[in-house]
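Chains as they are written, first to last, in full-length UniProt numbering: chain A, 1 to 113; chain B, 1 to 113.
Any given hint might turn out to be false.
Pairs involving identical chains hold if they fit within one copy or between any two copies, as the list cannot separate such chains.
Stated by the list, open to error - Straight-line Cα separation of at most 30 Å, DSBU-like style, residue types lysine-lysine; simulated pairs:
hint, residue 1, residue 2
1, K8, K54
2, K93, K105
3, K108, K24
4, K54, K67
5, K58, K104
6, K61, K24
7, K9, K108
8, K8, K108
9, K38, K58
None of these hints come from the bench; they were simulated from the model.
From a predicted model like this one, the values you see are computed outputs, not experimental measurements.
What follows is each chain in one-letter form.
Protein chains: 2
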Amino acid sequence: MTDDVCHKKEIMAVHDAMDVLNGKWKISIISSICYYNKRRFSDILNDVNGISNKMLSKELKELEVNKLIVRTVLDTQPVTVHYNLTEYGLTLKGIINNLADWGKKHRKMITGK
Amino acid sequence: MTDDVCHKKEIMAVHDAMDVLNGKWKISIISSICYYNKRRFSDILNDVNGISNKMLSKELKELEVNKLIVRTVLDTQPVTVHYNLTEYGLTLKGIINNLADWGKKHRKMITGK
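With the hints as extra help, turn the sequences into a complete structure.
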């Protein structure tokens, strides 16, 4: 396989990953559920700055369709709904941790502290 | 630091990283330049499926402002312009490689081959 073909495959693979994780919010939503293991809708809304109720519902549905998260409804009064990562969703943990490390360094670089 | 405060910091750090890398295209553009070390505008346009000329110009400018890439103009006939990652941009290589690995597994999971 030539270098060029190899590079094209790598770039396409990154593109495939971003197709699933696209949009401004998905990675932040996954990180919220990832760090807490299990998270309610209202908690995620609070964790992910600036996201609207409607947008969070849409993004959570897409993540469910892509089998990255699972929604559990508990028969409590009132009903409780929480989300957690599937086995497959947990394979993103490495990427999430890398992004967090990079984000911390980026903030230091920008703010100088 | 309580668990909760620690989680909030991690989630904010992921959010910070995604603020810089946001949008559908930036990570794919960075991966194109990253794998080839140095890339011309027309090459990137070719590598990143579906991106328009106008969108690529805008995204490249934002990446330059964030000091992740640098633009070099060569005095050839016609003039050649190429992009490469800065030292700072190269700190994203780990994340790019992780995304490529994840993307390959995702494609296998979806297509079964």
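Each hint, compared with the structure:
1. K8 / K54: Cα proximity of K8 and K54: across copies only (22 Å, versus 37 Å in one copy).
2. K93 / K105: both (19 Å within a copy, 14 Å between copies)
3. K108 / K24: both (22 Å within a copy, 25 Å between copies)
4. K54 / K67: within (20 Å within a copy, 34 Å between copies)
5. K58 / K104: both (28 Å within a copy, 26 Å between copies)
6. K61 / K24: Classified as both: same-chain Cα gap 15 Å, cross-chain 19 Å, threshold 30 Å.
7. K9 / K108: between (34 Å within a copy, 13 Å between copies)
8. K8 / K108: For K8 and K108, only the inter-copy Cα distance (17 Å) is at most 30 Å; the intra-copy one is 34 Å.
9. K38 / K58: Within. Shortest intra-copy distance 19 Å satisfies the 30 Å Cα cut-off; inter-copy 38 Å does not.
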